[in-house]
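Number of protein chains: 4
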Amino acid sequence: MTHIQSLSHLHGIIPPVVTPLTPEYGVDEASLRRVIQHLLSGGVHGLFLLGSTSEVVFMNRETRREVLRIALDEVAGRVPVLAGVIDPATDRVIEHAQDALAAGADGLVVTAPFYTRTSQAEIIEHFRAVRQAVPLPIMAYDIPVCVQVKLERTTLRQMRREGLIEGLKDSSGDDTNFRLLAQECQDDAEFRLFTGSELMVDTALMIGAHGCVPGLGNVDPAAYVALYDAARREDWRSARQIQERLIRLFAVALQGTPRTSAGASGVGGFKTALKVMGLITHHHMNRPNLPLNSEETGRVAVILKAEGV
Amino acid sequence: MTHIQSLSHLHGIIPPVVTPLTPEYGVDEASLRRVIQHLLSGGVHGLFLLGSTSEVVFMNRETRREVLRIALDEVAGRVPVLAGVIDPATDRVIEHAQDALAAGADGLVVTAPFYTRTSQAEIIEHFRAVRQAVPLPIMAYDIPVCVQVKLERTTLRQMRREGLIEGLKDSSGDDTNFRLLAQECQDDAEFRLFTGSELMVDTALMIGAHGCVPGLGNVDPAAYVALYDAARREDWRSARQIQERLIRLFAVALQGTPRTSAGASGVGGFKTALKVMGLITHHHMNRPNLPLNSEETGRVAVILKAEGV
Amino acid sequence: MTHIQSLSHLHGIIPPVVTPLTPEYGVDEASLRRVIQHLLSGGVHGLFLLGSTSEVVFMNRETRREVLRIALDEVAGRVPVLAGVIDPATDRVIEHAQDALAAGADGLVVTAPFYTRTSQAEIIEHFRAVRQAVPLPIMAYDIPVCVQVKLERTTLRQMRREGLIEGLKDSSGDDTNFRLLAQECQDDAEFRLFTGSELMVDTALMIGAHGCVPGLGNVDPAAYVALYDAARREDWRSARQIQERLIRLFAVALQGTPRTSAGASGVGGFKTALKVMGLITHHHMNRPNLPLNSEETGRVAVILKAEGV
Amino acid sequence: MTHIQSLSHLHGIIPPVVTPLTPEYGVDEASLRRVIQHLLSGGVHGLFLLGSTSEVVFMNRETRREVLRIALDEVAGRVPVLAGVIDPATDRVIEHAQDALAAGADGLVVTAPFYTRTSQAEIIEHFRAVRQAVPLPIMAYDIPVCVQVKLERTTLRQMRREGLIEGLKDSSGDDTNFRLLAQECQDDAEFRLFTGSELMVDTALMIGAHGCVPGLGNVDPAAYVALYDAARREDWRSARQIQERLIRLFAVALQGTPRTSAGASGVGGFKTALKVMGLITHHHMNRPNLPLNSEETGRVAVILKAEGV
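Residue numbers (our numbering), protein chains in the order written: chain A, 39 to 347; chain B, 39 to 347; chain C, 39 to 347; chain D, 39 to 347.
To be clear, the hints were calculated from the coordinates, so they are not data collected in a lab.
Among the hints, erroneous ones may be present.
As the list claims (entries may be wrong) - DEER-style ranges, computed between Cβ atoms:
| id | chain 1 | residue 1 | chain 2 | residue 2 | range |
| --- | --- | --- | --- | --- | --- |
| 1 | A | Gly201 | B | Gly115 | 29 to 37 Å |
| 2 | C | Thr295 | B | His320 | 46 to 54 Å |
| 3 | C | Arg166 | D | Ala344 | 50 to 58 Å |
| 4 | C | Arg199 | B | Gly115 | 52 to 60 Å |
Keep in mind it's a predicted model, so treat the numbers as computed, not measured.
No residue lacks a Cβ here, since even glycine has one placed at the ideal position from N, Cα and C.
Construct the entire structure; sequences and hints are all you get.
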């Protein structure tokens with residue numbers, strides 16, 4: 039196995055890029071390229087393709103490869119690109135990881151297995167198998183709301199000790215646990231901690247996070263970058279002010295419920311905002327997610343205007 | 039769209055067939071054929087391939103096609119064959135459904151989407167899309183432990199009204215709700231109700247189920263068939279006696295925990311029993327599930343002997 | 039400590055008696071006496087006072103004593119009377135148990151502690167303390183929906199071995215687990231198993247329950263008694279027919295939601311039915327439960343009429 | 039009704055005071071007085087008696103009155119005293135509230151009802167009834183881990199609008215939701231927000247909390263006060279440093295599990311620390327909570343020494 043690079047260069051704002059679709063549910067390449075340019079112009083420090091926000095589990099292997107091909111071509115090495123390799127079990131994850139390696143991704147984002155319920159010992163086995171199969175750095179992705187199991191602190195500790203993972207993306211919403219992790223990892227300069235709690239970025243950075251993976255970063259990447267910069271210079275008043283505006287802007291993600299699922303309201307809200315902003319052509323998600331209707335779209339437009347986007 | 043056949047001929051014991059593996063995690067064709075012969079010899083009324091017990095979510099599209107090819111060839115039309123088409127979202131499910139149609143399956147078994155959280159309205163949208171895409175009868179599969187959402191009674195009612203589903207496999211463990219469903223469907227001769235509560239088959243049949251999908255049926259299909267026959271002649275004392283023996287036999291599924299997950303203990307226990315019985319060559323599951331160790335395997339052998347298998 | 043009587047004489051239908059209230063939230067003695075006469079006339083085999091259906095946790099010590107005084111006086115020894123002693127922790131439970139002993143109850147019904155989260159070892163400690171303090175037989179009450187913890191099978195096994203409990207009331211809704219318990223206790227003639235799954239009484243009796251504690255038994259005790267009698271003579275067709283009518287009648291418990299909580303809809307529905315039947319004067323529950331409004335009351339009356347009550 | 043005072047003077051560190059016990063499970067008055075002196079010497083800004091940490095639900099009405107009598111006497115008006123009035127339902131809560139008023143408490147802390155499951159509308163009804171019955175300011179206590187229901191943001195908004203509550207103690211662990219609340223309440227100078235997330239006090243204060251209710255404050259009140267002071271002068275580096283030491287010290291609360299419940303480990307750990315520090319005579323909790331054993335006590339002593347307590 040070739041040498042696994044660390045992720046120790048990773049930091050800052052790494053949005054999970056949405057996947058614009060054609061009416062036939064194919065990848066809308068032109069729109070995806072515009073979104074990526076929008077993010078790079080906003081100053082983001084990396085991109086996360088094929089995450090939950092990308093609707094990754096809706097895509098088969100071919101579509102995922104296409105997304106990576108377009109994204110890596112458009113980024114052209116300007117920032118690191120992480121690729122989610124999310125599917126229910128080990129060997130299917132390894133297939134996606136091999137595709138990500140072939141496409142030129144800089145790192146993998148790996149969840150626990152799902153559908154089947156898995157023990158913490160089996161989760162470690164899963165990461166061992168991916169590590170052994172594909173020489174790319176791995177960010178563990180803790181997202182119990184989707185996979186029904188938490189990556190426990192003892193599990194992460196064991197995986198760090200074995201050298202199975204180089205970082206963590208924490209979308210568990212358990213900020214206290216995230217802090218305990220950050221405190222535990224303080225002496226490990228190589229291990230990278232990213233939060234998915236996009237409404238708590240200032241506090242996450244204050245307690246030791248290296249960055250954030252904000253879905254709302256698709257809509258206003260520059261604001262998240264400004265928040266990160268304020269935090270780096272320990273200007274917490276400014277950081278909080280920016281975060282509070284982003285909380286107001288996050289209302290774009292809440293207009294679909296309860297008519298739609300929270301997921302369809304959230305990712306669908308980001309897509310709707312990007313359409314209102316003229317960046318993507320269609321705002322629908324993959325089936326069976328219900329798209330925002332015209333009334334909900336109108337509310338998204340009002341929120342964007344109110345926050346100056 | 040061609041005419042969708044009903045499932046109204048389905049009844050009785052329809053085991054979810056395990057998938058024996060080679061050491062390289064490929065399908066062990068000879069072992070799979072032996073398991074199917076064992077089930078047919080036991081008198082089962084149908085087979086369910088590519089269900090949770092088949093480790094379906096661990097398999098990519100090619101492996102799933104291979105399983106169906108082998109199974110349908112081995113069955114040779116003697117009993118109906120249902121094919122699970124289980125993956126996180128609609129279009130991937132439709133791909134599997136098209137494969138099942140091409141392979142010659144008699145019906146589909148469809149869960150709610152998973153990983154992403156989906157509303158009941160979006161679940162109905164999901165079934166609508168599968169129905170429209172593939173002309174095969176559909177059995178809805180209620181398995182909240184895996185997909186995190188219940189197929190609510192109102193949802194099932196709506197789907198029955200729209201003609202989107204022809205039956206239900208209930209693996210929710212909520213037997214009271216199952217009974218309310220059965221009572222609600224009493225006048226609908228076409229709609230088929232199967233329980234996955236394999237330790238409650240006598241009572242399920244008493245309250246209106248048309249059959250059962252027992253994982254333990256891989257190990258002792260004839261006993262489940264005898265239980266079904268006793269229930270059909272309303273000989274509840276015999277039915278209960280057989281069920282109580284099967285409960286004791288079910289201990290083969292409980293030997294791995296807490297070292298393994300419950301799933302690895304259960305399906306792994308069935309596989310281990312089949313290996314002890316000389317029907318399959320290897321007892322391991324797909325990665326990352328931990329296989330039963332030699333001590334646990336010894337306990338499985340003791341249980342089999344005690345129950346005369 | 040005096041000798042603890044067994045509960046081995048307990049069987050059949052033991053309704054959890056509602057507590058009719060005055061407008062000032064006191065016990066409406068005349069109405070309570072009428073309800074008890076109605077139950078005894080229906081042929082019930084025992085009464086359970088101060089259970090969840092009695093709104094026990096809404097009452098202080100004095101009110102509970104008053105309920106027991108009235109009930110024991112009205113019953114006058116004709117059937118056994120169980121007293122719930124339900125409060126968050128051990129010493130308060132013991133106070134209620136002493137009151138129940140003084141009042142003349144025949145047995146106690148004891149839940150796990152609640153509010154505070156308690157380990158299975160601490161739950162056993164709790165039952166040990168109650169056992170030691172008060173010489174009355176104890177029925178363990180498994181009701182995780184209220185106390186957030188299940189009485190695990192290993193816990194119940196340990197408590198049976200130590201002689202801490204004489205029976206179980208299972209309101210967990212986990213009918214498979216109840217069956218495994220029943221099978222485990224088959225050789226223990228003294229241990230009594232009652233189900234709270236009042237829509238599954240025929241099947242519960244078929245698999246080994248000694249009786250049921252049905253809230254709906256307040257409304258139609260004679261039907262539950264007839265169901266029990268049918269089950270005793272193994273006339274399962276009749277048992278099922280009676281159960282299916284009771285399922286239709288159970289709709290009286292579902293008219294308040296989602297305006298009210300399920301609890302207020304259920305116990306409030308029983309009370310409303312009893313008021314419509316002329317047995318109690320007021321149908322409201324203790325605060326803060328919302329009472330059924332006039333439209334919901336109208337629907338309850340329609341259901342009663344449809345089922346001939 | 040007399041005028042309800044606001045809680046607008048409340049701020050800072052308000053520990054939930056433990057209740058030291060005698061061997062016979064009575065209140066150990068001398069020890070309780072020493073704990074209170076220890077807290078006042080540490081500079082705390084208020085005291086919360088009869089909270090979860092006080093083992094309130096284990097105590098009957100008389101014992102609760104005794105705790106309040108001792109505490110209010112010992113405090114002698116030097117800081118505000120809040121009294122928890124925690125029991126399953128409205129009228130019992132009102133009884134405790136009347137006792138708290140009679141004892142001279144400065145405010146009430148009120149949870150949602152528990153044991154019975156209650157709708158958000160019924161929760162509002164509950165607070166309305168308490169408000170109407172007792173003229174003391176009310177802090178709503180959001181503790182879903184104990185009462186199984188969250189005080190939703192819409193519920194809190196409605197209760198603020200109606201003037202039913204003057205503040206919130208948030209022990210839900212959902213820090214994102216707490217932040218959204220804080221942002222929503224920014225213009226309401228009267229409404230007081232306290233966090234129970236005692237390992238996240240610096241960040242909670244940064245995003246708008248007025249103070250914290252830390253169980254660990256029993257052990258090291260001065261450190262929490264120093265943390266609060268650092269936050270007030272926006273010295274976040276110092277605040278974080280103090281918080282990180284307190285996280286290490288919090289290990290005293292984790293030594294009992296999994297032998298004991300988490301609750302017994304936590305409150306039992308605080309009590310054990312106080313005993314090691316010579317402040318209280320006995321470290322056991324009320325029944326059925328298991329006390330820390332000598333090995334666990336030894337570990338607590340080591341932790342205290344390591345952190346200089």
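Okay, the hints, checked on the actual structure:
| no. | hint | result |
| --- | --- | --- |
| 1 | A/Gly201 - B/Gly115: 29 to 37 Å | 53 Å, violated |
| 2 | C/Thr295 - B/His320: 46 to 54 Å | 51 Å, holds |
| 3 | C/Arg166 - D/Ala344: 50 to 58 Å | 37 Å, violated |
| 4 | C/Arg199 - B/Gly115: 52 to 60 Å | 55 Å, holds |
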